[in-house]
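Given the coordinates of chain A, work out where chain B should sit on it, guided by the hints.
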Amino acid sequence: MNAPQPLHFKPSEGFRARSKAVVDNPFLRQSFRGAMDFLMSKRAAQFPDAEELESLRTLGESIRQYNLAKLPELLEQLEANLRRNGVQVHWAETPDEANAIILGICRQRRAKLMVKGKSMVSEEIELNHAAEAAGIDALESDMGEYIVQLADEKPSHIIMPAIHKTKEEIARLFADKVEGVDYTDNVDALIQIGRNVLRQKFLEADIGLSGVNFAVAETGTLCLVENEGNGRMCTTAPPVHIAITGIEKIVEKLEHVPPLLSLLTRSATGQNISTYFNMISGPRKPGEKDGPSEVHLVLLDNGRSQAYADEQLRKTLQCIRCGACMNHCPVYTRIGGHAYGTTYPGPIGKIVSPHMLGLEATATMATASSLCGACSEVCPVKIPIPELLMRLREESFSAPHANPAMRGQGAGHSALGSAVWRGWAWVYRSPALYRMATWLGSRFGFLMPSRQGGWTSVRVPLKPAPKRLRDRLRERG
Amino acid sequence: MSARDRILAKLRPFSPSTATSAPDVAAWFAGHRPVESAGEKAARFRHFIELAHAEVHAVTSANWLTTLRDVLRDRDIDRLLVAEGTPHGEAALDDLPRQGVECATYDLAIEAWKTEMFNATPASLTAARAAIAETGTLILWPDALEPRLMSLVPPVHIVLLDATKIYNTFYEAMILEGWKDGLPTNALLISGPSKTADIQQTLAYGAHGPKELIVLMIGGEQ
Numbered sequence: 001m002n003a004p005q006p007l008h009f010k011p012s013e014g015f016r017a018r019s020k021a022v023v024d025n026p027f028l029r030q031s032f033r034g035a036m037d038f039l040m041s042k043r044a045a046q047f048p049d050a051e052e053l054e055s056l057r058t059l060g061e062s063i064r065q066y067n068l069a070k071l072p073e074l075l076e077q078l079e080a081n082l083r084r085n086g087v088q089v090h091w092a093e094t095p096d097e098a099n100a101i102i103l104g105i106c107r108q109r110r111a112k113l114m115v116k117g118k119s120m121v122s123e124e125i126e127l128n129h130a131a132e133a134a135g136i137d138a139l140e141s142d143m144g145e146y147i148v149q150l151a152d153e154k155p156s157h158i159i160m161p162a163i164h165k166t167k168e169e170i171a172r173l174f175a176d177k178v179e180g181v182d183y184t185d186n187v188d189a190l191i192q193i194g195r196n197v198l199r200q201k202f203l204e205a206d207i208g209l210s211g212v213n214f215a216v217a218e219t220g221t222l223c224l225v226e227n228e229g230n231g232r233m234c235t236t237a238p239p240v241h242i243a244i245t246g247i248e249k250i251v252e253k254l255e256h257v258p259p260l261l262s263l264l265t266r267s268a269t270g271q272n273i274s275t276y277f278n279m280i281s282g283p284r285k286p287g288e289k290d291g292p293s294e295v296h297l298v299l300l301d302n303g304r305s306q307a308y309a310d311e312q313l314r315k316t317l318q319c320i321r322c323g324a325c326m327n328h329c330p331v332y333t334r335i336g337g338h339a340y341g342t343t344y345p346g347p348i349g350k351i352v353s354p355h356m357l358g359l360e361a362t363a364t365m366a367t368a369s370s371l372c373g374a375c376s377e378v379c380p381v382k383i384p385i386p387e388l389l390m391r392l393r394e395e396s397f398s399a400p401h402a403n404p405a406m407r408g409q410g411a412g413h414s415a416l417g418s419a420v421w422r423g424w425a426w427v428y429r430s431p432a433l434y435r436m437a438t439w440l441g442s443r444f445g446f447l448m449p450s451r452q453g454g455w456t457s458v459r460v461p462l463k464p465a466p467k468r469l470r471d472r473l474r475e476r477g
Numbered sequence: 001m002s003a004r005d006r007i008l009a010k011l012r013p014f015s016p017s018t019a020t021s022a023p024d025v026a027a028w029f030a031g032h033r034p035v036e037s038a039g040e041k042a043a044r045f046r047h048f049i050e051l052a053h054a055e056v057h058a059v060t061s062a063n064w065l066t067t068l069r070d071v072l073r074d075r076d077i078d079r080l081l082v083a084e085g086t087p088h089g090e091a092a093l094d095d096l097p098r099q100g101v102e103c104a105t106y107d108l109a110i111e112a113w114k115t116e117m118f119n120a121t122p123a124s125l126t127a128a129r130a131a132i133a134e135t136g137t138l139i140l141w142p143d144a145l146e147p148r149l150m151s152l153v154p155p156v157h158i159v160l161l162d163a164t165k166i167y168n169t170f171y172e173a174m175i176l177e178g179w180k181d182g183l184p185t186n187a188l189l190i191s192g193p194s195k196t197a198d199i200q201q202t203l204a205y206g207a208h209g210p211k212e213l214i215v216l217m218i219g220g221e222q
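Respectively, the protein sequence lines represent chains A and B. Start counting the first sequence at 1; every next residue gets the next number (the working numbering). Start counting the second sequence at 1; every next residue gets the next number (the working numbering).
To be clear, the hints were calculated from the coordinates, so they are not data collected in a lab. Hints may be right or wrong, so weigh each one.
Claimed, not checked - Quick look at which bits of chain B chain A covers, simulated, 3 or more residues with Cβ under 8 Å:
{"#": "1", "region": "9-22"}
{"#": "2", "region": "132-139"}
{"#": "3", "region": "144-155"}
{"#": "4", "region": "177-185"}
{"#": "5", "region": "203-210"}
It should be emphasised that the depicted structure is a prediction, and the values quoted were computed from it without experimental measurement. In this text, a Cβ means the ideal position worked out from N, Cα and C, and glycines have one as well.
This is chain B alone, in the form it adopts within the complex:
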């Protein structure tokens, strides 16, 4: 008998044959938080992610590249990792090199340029799929165009967020988007720059992931 069979055999006799009633998660969330307007959700999102030390800039779809350039200039960053093939990546590729910012693209599998990714990539730009107001959280679904490490390894992570895609709660996001019927290989909730309080409960940012998280929020100023 395998370890699997032995473990299951030890558990099965004690698993009640009559089904226990299922917890009603929907009912709890229904009474949990009032429905808010888009503006209220954007404000709540901003409040909480700023509390977690992220920087939020209100932008429009017309001027976000200008804000992006300012953000980079303020930090003396002249190299940005962008996702070729995405609308925002292409827009950056079109604009930034003319302004003196070199754009690197994630066109090869990580094995081909891991050292460069870790040691010579000061900043990255990705989009967020959506966000959560209640906790000030960005939702990212990395994919072939915008891979997982883009939002983790560069010390400065800049995220473009469409404020019309802010959900009330994590629960609402997963239900309305039908996550249970298809999750990507990696789904992420990000609620601020990397941090730790492991030394004498003193909060320090930039533990292993990005030291700075900058959100460019399109819309949301109502």
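Same shape as in the complex, but just chain A:
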């Protein structure tokens, strides 16, 4: 009898099938194409001056690299200054630890209802599931997140969570799931429905949860970027505010914020600034009449320290989560966010998820790229995404070795694949072997099978030409 195999969550499994399902769905294709074209043109309109854009990206990159270099020191400085301001700071190595901290605060406060501002890190730790299991109602309040939660789905884009849904689908969803609501596909009316439901929840909630866009070490300040006002509601109206962030989102100085904020909103949604920029430096002070009486910050590692330990992979942590890389990605545009099966989709998802989930679960993600480079061209902090994808392919498919830089190194390795590449390298290194191999190819090309795996599903079979280039050139003299 075989020993029982450990079970693993494998987003890689089914990646192909999910991608194919979207590619075969003309409505979804059209919806993503339209949305991405819209976001790309809005971004382009915000950067009319190529020189300004380039110098601002260079500045953004240097700010992120400078702060990452000082990360451990800055984390301690941030913690000290937040504590001084009256904010309680918690550290979590894993999603489970982060959930336990958050639910512990909820239990202490006997909380029943938690309203949530948009936070991808809370998606990353699957807080909503953990809260549900603990009997706490965790309600998303960003309109897109609210829609996705009502539909029992996950966000398909980090900035526009419900980008895969048409207004007719949302209209049906509201009519089905929201009490006392008739079908309407008028967008203003739909937003008002969401507003009315959630306003009551902001009033009642025991806990408000949010993410963090920038955490400023020198002042002990948590900065949040948003348009709707739900983020401000979550961080201001309930008696307790819990913020959660990855450990990388720190800047040392307040003056580092304006360039990053400008890059973020212009790259993400093509706005010169978001409607709200909310800077929180502490709970309600004596004499103040509103604001939470308790503010907590949860600092989450979840694989980020693995990326940090390698100079090249560390660049992954420069990310400010604008989503421009997915908006410009030909692969994301065709397969959408859900196909990836990870919290973060698209180019950034491909380089960050392996650190969170291990390469066992994400080995093929890095291969879903044509390496066209559009992502790194628009990245506001110049992350060399194609270079990192190449590195991740190497980590996934090379033979397992001692002291790997990444969890799951070699997960995609196959003896046959390796042998083929070794043979290829051997032939290409030796002119004599190469000449012989191409000669054999030109003579026996007719033996090539007519079905060649994935290649021939949409293309004609590959067949070596009867005459090699070198033969043709020789004939020409």
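Just chain B, lined up with the frame of chain A:
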């Protein structure tokens, strides 16, 4: 070992011991935008905040209450939340009730009247501390007199702005005002009424915060 110590221990060996050179943010902003006159800054501020769907009225320190009354009358609003103890709040308290507009004040902690704040407060009046021309942005520092929720919960938010306090950029505002040496519990940048494009990229106003943002700008017409 705590999670904190374990995380820091994983990071520390890889943090370069030699300092990386600090990014020169000041140099970038020095070459970023020409210095503008007060009038140019007011015009730029107005252009951008109007693009974001805010309504701007040019007023003077003598006539702003008249404009405020007109703004309220046009919307059939007969109840306004004002900040007692501030000059503009006191001026409104002195004037509006005689004109038939009831003035509510934020004199109790929110717990005592949260439902009323959410369900029976159609409009509020606050001041802005300053503004930013480049992005059409109001800067608010809520405090004990003018608390945080005043600029968020009422569906109509009216802001009084002194046009001489408009900075060129966000960077300039934080440097000239020395923000790093003392921030309030909550500092806000507000650049229009609440909005969302989460349904099929269609822009809709009044998502969760104010549906209307009205700026009464004192001065700035040069």
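To see whether the hints hold, each was checked on the structure:
1. 9-22: holds (count 11)
2. 132-139: Holds, because 4 residues of the region 132-139 of chain B bring their Cβ atoms closer than 8 Å to Cβ atoms of chain A.
3. 144-155: Check passed, 6 qualifying residues.
4. 177-185: holds (count 5)
5. 203-210: Result for this restraint: holds, n = 6.
The structure shown violates none of the earlier numbered hints.
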